[in-house]
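Protein chains in written order, with the numbering used here: chain R, 10 to 137; chain Y, 10 to 137; chain C, 10 to 137; chain V, 10 to 137; chain B, 10 to 137; chain A, 10 to 137.
Derived from the structure by calculation, the hints contain no laboratory data.
Any given hint could turn out to be false.
It does not matter which identical chain is meant; a pair holds if it fits inside one copy or across any two.
Said to hold, decoys possible - Here are the simulated DSSO-like pairs of lysine-lysine, each with C-alpha atoms no more than 27 angstroms apart in a straight line: (1) Lys34 - Lys128; (2) Lys34 - Lys19; (3) Lys34 - Lys67; (4) Lys19 - Lys67; (5) Lys67 - Lys37; (6) Lys67 - Lys128; (7) Lys37 - Lys129; (8) Lys34 - Lys129; (9) Lys37 - Lys19.
Spelled out, the chains give:
Protein chains: 6
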Amino acid sequence: MTGAPDRLPKALEILERLEAGAPEKVTKNLDAFHPDAAELILGYSFADIVGRDGIDLKTREMLTVAMLAAMGTAQGQLEFHVRAAMNAGVSREEIVEIVLQVSVYAGVPACMNAITAAKKAFETVEAG
Amino acid sequence: MTGAPDRLPKALEILERLEAGAPEKVTKNLDAFHPDAAELILGYSFADIVGRDGIDLKTREMLTVAMLAAMGTAQGQLEFHVRAAMNAGVSREEIVEIVLQVSVYAGVPACMNAITAAKKAFETVEAG
Amino acid sequence: MTGAPDRLPKALEILERLEAGAPEKVTKNLDAFHPDAAELILGYSFADIVGRDGIDLKTREMLTVAMLAAMGTAQGQLEFHVRAAMNAGVSREEIVEIVLQVSVYAGVPACMNAITAAKKAFETVEAG
Amino acid sequence: MTGAPDRLPKALEILERLEAGAPEKVTKNLDAFHPDAAELILGYSFADIVGRDGIDLKTREMLTVAMLAAMGTAQGQLEFHVRAAMNAGVSREEIVEIVLQVSVYAGVPACMNAITAAKKAFETVEAG
Amino acid sequence: MTGAPDRLPKALEILERLEAGAPEKVTKNLDAFHPDAAELILGYSFADIVGRDGIDLKTREMLTVAMLAAMGTAQGQLEFHVRAAMNAGVSREEIVEIVLQVSVYAGVPACMNAITAAKKAFETVEAG
Amino acid sequence: MTGAPDRLPKALEILERLEAGAPEKVTKNLDAFHPDAAELILGYSFADIVGRDGIDLKTREMLTVAMLAAMGTAQGQLEFHVRAAMNAGVSREEIVEIVLQVSVYAGVPACMNAITAAKKAFETVEAG
Numbered sequence: 010m011t012g013a014p015d016r017l018p019k020a021l022e023i024l025e026r027l028e029a030g031a032p033e034k035v036t037k038n039l040d041a042f043h044p045d046a047a048e049l050i051l052g053y054s055f056a057d058i059v060g061r062d063g064i065d066l067k068t069r070e071m072l073t074v075a076m077l078a079a080m081g082t083a084q085g086q087l088e089f090h091v092r093a094a095m096n097a098g099v100s101r102e103e104i105v106e107i108v109l110q111v112s113v114y115a116g117v118p119a120c121m122n123a124i125t126a127a128k129k130a131f132e133t134v135e136a137g
Numbered sequence: 010m011t012g013a014p015d016r017l018p019k020a021l022e023i024l025e026r027l028e029a030g031a032p033e034k035v036t037k038n039l040d041a042f043h044p045d046a047a048e049l050i051l052g053y054s055f056a057d058i059v060g061r062d063g064i065d066l067k068t069r070e071m072l073t074v075a076m077l078a079a080m081g082t083a084q085g086q087l088e089f090h091v092r093a094a095m096n097a098g099v100s101r102e103e104i105v106e107i108v109l110q111v112s113v114y115a116g117v118p119a120c121m122n123a124i125t126a127a128k129k130a131f132e133t134v135e136a137g
Numbered sequence: 010m011t012g013a014p015d016r017l018p019k020a021l022e023i024l025e026r027l028e029a030g031a032p033e034k035v036t037k038n039l040d041a042f043h044p045d046a047a048e049l050i051l052g053y054s055f056a057d058i059v060g061r062d063g064i065d066l067k068t069r070e071m072l073t074v075a076m077l078a079a080m081g082t083a084q085g086q087l088e089f090h091v092r093a094a095m096n097a098g099v100s101r102e103e104i105v106e107i108v109l110q111v112s113v114y115a116g117v118p119a120c121m122n123a124i125t126a127a128k129k130a131f132e133t134v135e136a137g
Numbered sequence: 010m011t012g013a014p015d016r017l018p019k020a021l022e023i024l025e026r027l028e029a030g031a032p033e034k035v036t037k038n039l040d041a042f043h044p045d046a047a048e049l050i051l052g053y054s055f056a057d058i059v060g061r062d063g064i065d066l067k068t069r070e071m072l073t074v075a076m077l078a079a080m081g082t083a084q085g086q087l088e089f090h091v092r093a094a095m096n097a098g099v100s101r102e103e104i105v106e107i108v109l110q111v112s113v114y115a116g117v118p119a120c121m122n123a124i125t126a127a128k129k130a131f132e133t134v135e136a137g
Numbered sequence: 010m011t012g013a014p015d016r017l018p019k020a021l022e023i024l025e026r027l028e029a030g031a032p033e034k035v036t037k038n039l040d041a042f043h044p045d046a047a048e049l050i051l052g053y054s055f056a057d058i059v060g061r062d063g064i065d066l067k068t069r070e071m072l073t074v075a076m077l078a079a080m081g082t083a084q085g086q087l088e089f090h091v092r093a094a095m096n097a098g099v100s101r102e103e104i105v106e107i108v109l110q111v112s113v114y115a116g117v118p119a120c121m122n123a124i125t126a127a128k129k130a131f132e133t134v135e136a137g
Numbered sequence: 010m011t012g013a014p015d016r017l018p019k020a021l022e023i024l025e026r027l028e029a030g031a032p033e034k035v036t037k038n039l040d041a042f043h044p045d046a047a048e049l050i051l052g053y054s055f056a057d058i059v060g061r062d063g064i065d066l067k068t069r070e071m072l073t074v075a076m077l078a079a080m081g082t083a084q085g086q087l088e089f090h091v092r093a094a095m096n097a098g099v100s101r102e103e104i105v106e107i108v109l110q111v112s113v114y115a116g117v118p119a120c121m122n123a124i125t126a127a128k129k130a131f132e133t134v135e136a137g
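Chain R with its partners taken away, still in its complex shape (with noise of 0.2 angstroms):
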């Protein structure tokens, strides 16, 4: 009833290739939102954007690792991201050239941010 009638799927399957396990986990939390909420959220952000061609997924995460340290405002999120761009092909050099970026654009704090953020990554991505 909200959005195309196929989004949903086509946003969890991303989803599952971001972090597998992560459809479930974050559909649960949303449902207990609101039962709308998956479908909007996800829909937007993965099947109608995330999920269009034109630039690949790895390139994407970096892009969106980029963003939330930037802003700083969604440490956990930050998080989720840069293992989700370890999963998408970002190589560890690449989280750090990223985040060292972070401190010419947004500032040193917001690079200490993300380089806890990576940390915290690396241990979860490297050990998994």
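Take the given structure of chain R and dock chains Y, C, V, B and A to it, following the hints.
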């Protein structure tokens, strides 16, 4: 006296790749502010960080456009970096995808401001 | 092809209620950027979200003015939404109260920028 | 000595309406910082501004939730104001709509943080 | 009716120290918005807070320039406060150092915007 | 290899003045992220910029506290810099005034977060 002795020339070389003639224009602006400003600011931004290996200049400019658009506080510099990104090899289609992705992570008004910046850059680069 | 087949017409209908003539102006701007932009951005903003039941359009525009003023990164869109809010039934007195409340939650400079936007909108709406 | 002589009592009365017991808790916190803090901060926020006529308290709290969620820099206060909004008569359904609207104007990560805050508030208020 | 009976005169006195003629200009702007605005906004800003003892006006203006430059959302007010800072005794050299320090904590684009504001203020103050 | 050969030692000397033992703690954190991070980030922040003449370290730390509190995106670093400010000679009374001034320029929630940070720093510094 500040930074590495050869930091500014390296920075200006990268800035020239981003936009022909930018080094003269930017250093003139910074020198009129303070004689150390160009060495410190351009030296850190472009020689210390953006000039590092690990991510190519094209991808770095995509990240910069993403960060500036998401932060929403430097419209003039966003316009510059859309042009710079295209000069570094980013296609118009890739700019479109970055800008649309901004709507997900920073909201529609940030995306609309980025559309304004991108359209100005498209006109300049495609006319040039 | 993206979103629901009927998302854009619903979005444009709401946009027309916010300001007569806005759909033509906004879609022309977005189409010049990319042919999918209007469907995606307006479709998500107005059909998927703002067009939902649960809060009436007048109250939604009050919320939008509050958010844009607090964020302080989209002055042009703040001006549009003050006018849109008044077109949706928000009184001048209510705009004043929203703008003063911005000073508490986002600070006096954000409030001052909102005063500038509100005064422009007052002139336009009250002249119109 | 600062502000109107009766500014603090009026402020605390409004704060009590927002959450029973909040005046004691908040003034204790502020007094431990500086003896003038409660009069200045609460006096300005609630007596000078939020206590004004022109918009009812319920609508003001909807605006506050919208602003805090869009700014994304005060998660604890966002949680407080979702509870306060519900205490002032905002329904769970209205909170849901505000939070979804945040995704349009401030992006999905801001919306996700607001969902976290809203779910905590729902549990507290509905348990209470 | 709002605030202390003598809050506005005290505020205007401080504003006059920050820039000769500013009280008339600012109150005219605020009065055209709402008759209570000057008393509330200037009264809180300058009488309740900036007029307090504990930090001298010169240092307060340095802090204001730092905050506005770091936030990056009120360029016009940043220009005003660079001029005001210099009128309150801050030297051109000190402005330069504040602006350079902004690059560390808020990033280079915020610093560049502050350079633009500072250069305008330098021209005005030094011409005056 | 990056920056001036002697940039890091100078930076660490300033960091030690801000908090005894901080150089070891911060470099350990940064080294675990990337071997170049300390030289680049601390070198730029403290040797290139904060270590410059023109403003004394005490005033610089007041500015840093103002900027971090106004931005509201780095609570941990705000706590560090309140302590650092006090170690550099800023009095508790001056911290109070900076924090109250934040309410004017960045809003009450930013001020409340700064109060939380300041109270933690007061306990640590005054206990120490």
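Each hint, compared with the structure:
Taking the shortest alpha-carbon separations for Lys34 and Lys128, both the intra-copy value of 22 angstroms and the inter-copy value of 15 angstroms come in at or below 27 angstroms. Taking the shortest alpha-carbon separations for Lys34 and Lys19, only the intra-copy value of 16 angstroms comes in at or below 27 angstroms, while the best inter-copy value is 32 angstroms. Proximity of Lys34 to Lys67 under the C-alpha cut-off of 27 angstroms is restricted to the intra-copy arrangement: shortest distance 22 angstroms within a copy versus 33 angstroms between copies. In this homomeric assembly, Lys19 and Lys67 come within 27 angstroms of each other (Cα to Cα) only inside a single copy, at 17 angstroms, whereas the closest approach across copies is 29 angstroms.
Within a single copy, Lys67 and Lys37 get their C-alpha atoms as close as 26 angstroms, which meets the 27 angstroms cut-off; across copies the closest is 30 angstroms, which misses it. Proximity of Lys67 to Lys128 under the C-alpha cut-off of 27 angstroms is found in both arrangements, the shortest distances being 19 angstroms within a copy and 26 angstroms between copies. In this assembly of identical chains, the alpha carbons of Lys37 and Lys129 lie at most 27 angstroms apart whether taken from the same copy (24 angstroms) or from different copies (15 angstroms). Both within a single protomer and between protomers do Lys34 and Lys129 lie at most 27 angstroms apart by alpha-carbon distance, with minima of 19 angstroms and 17 angstroms respectively.
Proximity of Lys37 and Lys19 under a CA criterion of 27 angstroms is satisfied intra-copy only: 17 angstroms inside one chain copy versus 30 angstroms between copies.
Violation of the numbered hints given earlier is absent; every hint is satisfied by the structure.
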